[in-house]
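> Once you have looked at the hints, place chain C on chain B.
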Amino acid sequence: MQVLPLAEAIATHVRDGQSIALEGFTHLIPFAAGHEIIRQQRRNLRLIRMTPDLIYDQLIGMGCAERLTFSWGGNPGVGSLHRLRDAVERQWPRPLALSEFTHAQMAVAYQAGASGLPCGLLRHYPGTDARRVPAASVRTLRCPFTGAALAAVPAINPDVTILHAQQIDAEGNVLIRGIIGAAKEAAMAARCVLVTVEEQVESLRADMNAVVLPSWIIAAASIVPGGAYPSYAQGYYPRDNAFYRSWDEIARDRGAFLEWMRRHVLEVPDHAGLLRALGVAA
Amino acid sequence: MTSADYSRDEIMTVTAARQLRNGAVCFVGIGLPSAACNLARMTHAPDLVLIYESGTVGTRPVVLPLSIGDGELAETATCVVSLPEIFAHYLQRGRIDVGFLGAAQIDRFGNLNSTVIGDYARPRVRLPGAGGAAEIAAHAHEVLVVMKQSPRSFVPQLDFRTSCGYLAGSGARRASEFPGAGPRAVITDFGVLRPHPETEELQLTALYPGVSVEAARAATGWPLQVAEALETVPVPQPAELATLRGLQARTRHAHARPVRITLPS
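Line by line, the protein sequences are chains B and C. Its first residue numbered 1, the first sequence is counted upward by one per residue in this note's numbering. Its first residue numbered 1001, the second sequence is counted upward by one per residue in this note's numbering.
These are computed hints drawn from the structure, not numbers from a lab. Treat the numbers as computed from the prediction; the structure is a model and nothing was measured. In this text, a Cβ means the ideal position worked out from N, Cα and C, and glycines have one as well. Take these hints with a grain of salt, some might be off.
Said to hold, decoys possible - Incomplete in silico selection of chain B near chain C, CB under 10 Å:
no., residue
1, 87
2, 127
3, 132
4, 149
5, 199
6, 226
Stated by the list, open to error - Below, computed lysine to any residue pairings styled on SDA-like, alpha-carbon distance capped at 20 Å:
no., chain 1, residue 1, chain 2, residue 2
7, C, 1148, B, 77
8, C, 1148, C, 1184
9, C, 1148, B, 78
10, C, 1148, B, 80
11, C, 1148, C, 1225
12, C, 1148, C, 1209
13, C, 1148, C, 1201
14, C, 1148, B, 79
15, C, 1148, C, 1222
16, C, 1148, C, 1211
17, C, 1148, C, 1203
What the hints assert, rightly or not - A partial selection of chain C residues facing chain B, derived with a Cβ cut-off under 7 Å:
no., residue
18, 1069
19, 1080
20, 1120
21, 1126
22, 1131
23, 1255
Chain B on its own, in the form it takes in the complex (with noise of 0.2 Å):
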């Protein structure tokens, strides 16, 4: 594990043409990464994430990705993510290939995915119109001892997955606290593993069942106070919903978009940057 600023980081583990995993459901979003994704105009990337989120919205109303593997896309308690509508109804900025799932189909295909199984299952029931989704391989099959259907989902396995948490220690080992989603899973599952924190302590002073990635597990971390605002980070500051509100206006216009990309994420150098165009940080 590296240390290592977050420009770098990117510059050395992300590439064109890759999958890629920014987890944290709701919580723990890793904005900070994914701007500087944007900012180093990498291109083709495969995304995977459970909820888009706003992040995804950026990236890919920016031109950044070709496929979104995903279970739920929209701008939570608020409506649409409209980047991402405008790419698959408009094909803009460019077409978006989709593959679609269930939250329980990703959950388990993450979960295979970290343990080097080939597919993860659920038990199947039929009726919905899952088979109309062409990207989104479920197969079913049946249970050899019982009998009982099943749904298989294929493996998830990112080339890089990234992660925000609250704490790294001397060691590098990683902290999370609060909701988890399926950040452990997808860590586990990638061949890169990149995380930004909250702030470096001596000691995590975790709980013994505590969520910690050790530090070899990891490829480089990177230290960026506010790195998951406008989500959040559970003991260092709240979800800004009232952003996410104003992100719906922003995001309708694609002019709008591009405008505020531009002021606030390339013609910056950094997230703390972000933070002080926003006015969120002094």
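Frame of chain B; chain C shown alone:
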């Protein structure tokens, strides 16, 4: 109390809340279901166990979350588990009594669409997708649906079937061995629809005070059947309204609070 004393949204939320019995374990969707579930917990059902798909179990938020995973939900929860656990250990294992869902479209058998309007490959409107809904609809012992009623949302034919209700009705769901029984009630801004005991087609069983059968029919995209014993929903009680309005006022205030982050110098 007269009809001027509460809004349609309010009586819909209050009516949805009343469907929940104290002590039930409830898997909550965001938006109207979340407001109804928390209103129930703050009024007649203090021991209602609320589970959100973010893995927050037994959560007791003081303000409504905007997202399914606001910090408020984690801070007030009995425990916070991972996403694979919430879907496997709680939902698929059969530990959820009530699933509470919304959707963009519903058909006469309570099947739901939250995926696309139009063709899947070339959608007119790309909706968010299934999220947790498909498995909640399959596994929860019963399902409640809360949706505003209009010909665009109550449709004769779904554009996409994301989550299963009674499939084609008349026992089709039971024959497919779904673990959960399916939608018990659909609460709308006109009244309440429940499945017919044999055909399982949704029929109007209760109306809000001052709402006509004709108006409910006009807001439905199929010929809406009306139960023989059509009831009138009791008006919201002052305590229900006060609790709901207090909850919403606290929520508005909390969501408008500016976020400040201190950067190390």
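> Taking the hints in turn, state whether each one holds.
Now the hints, each set against the structure:
1. 87: holds, 9 Å
2. 127: holds, 4 Å
3. 132: Holds, because the Cβ-Cβ distance from residue 132 of chain B to chain C comes to roughly 5 Å (cut-off 10 Å).
4. 149: holds, 8 Å
5. 199: Holds, because the Cβ-Cβ distance from residue 199 of chain B to chain C comes to roughly 8 Å (cut-off 10 Å).
6. 226: holds, 4 Å
7. C:1148 x B:77: holds, 16 Å
8. C:1148 x C:1184: holds, 17 Å
9. C:1148 x B:78: This hinted pair holds, its Cα atoms lying about 16 Å apart.
10. C:1148 x B:80: Between residue 1148 of chain C and residue 80 of chain B the Cα gap is close to 18 Å, so the pair holds against 20 Å.
11. C:1148 x C:1225: The given pair, whose Cα atoms are some 18 Å apart, holds under the 20 Å limit.
12. C:1148 x C:1209: holds, 17 Å
13. C:1148 x C:1201: Given pair residue 1148 of chain C, residue 1201 of chain C holds - Cα atoms ~18 Å apart, limit 20 Å.
14. C:1148 x B:79: Holds, at about 15 Å.
15. C:1148 x C:1222: holds, 15 Å
16. C:1148 x C:1211: holds, 14 Å
17. C:1148 x C:1203: holds, 15 Å
18. 1069: holds, 3 Å
19. 1080: holds, 6 Å
20. 1120: holds, 5 Å
21. 1126: Because about 4 Å separates residue 1126 of chain C from the closest Cβ in chain B, which is inside the 7 Å limit, the hint holds.
22. 1131: Holds, about 3 Å.
23. 1255: holds, 4 Å
The structure fails none of the hints (numbered hints given earlier).
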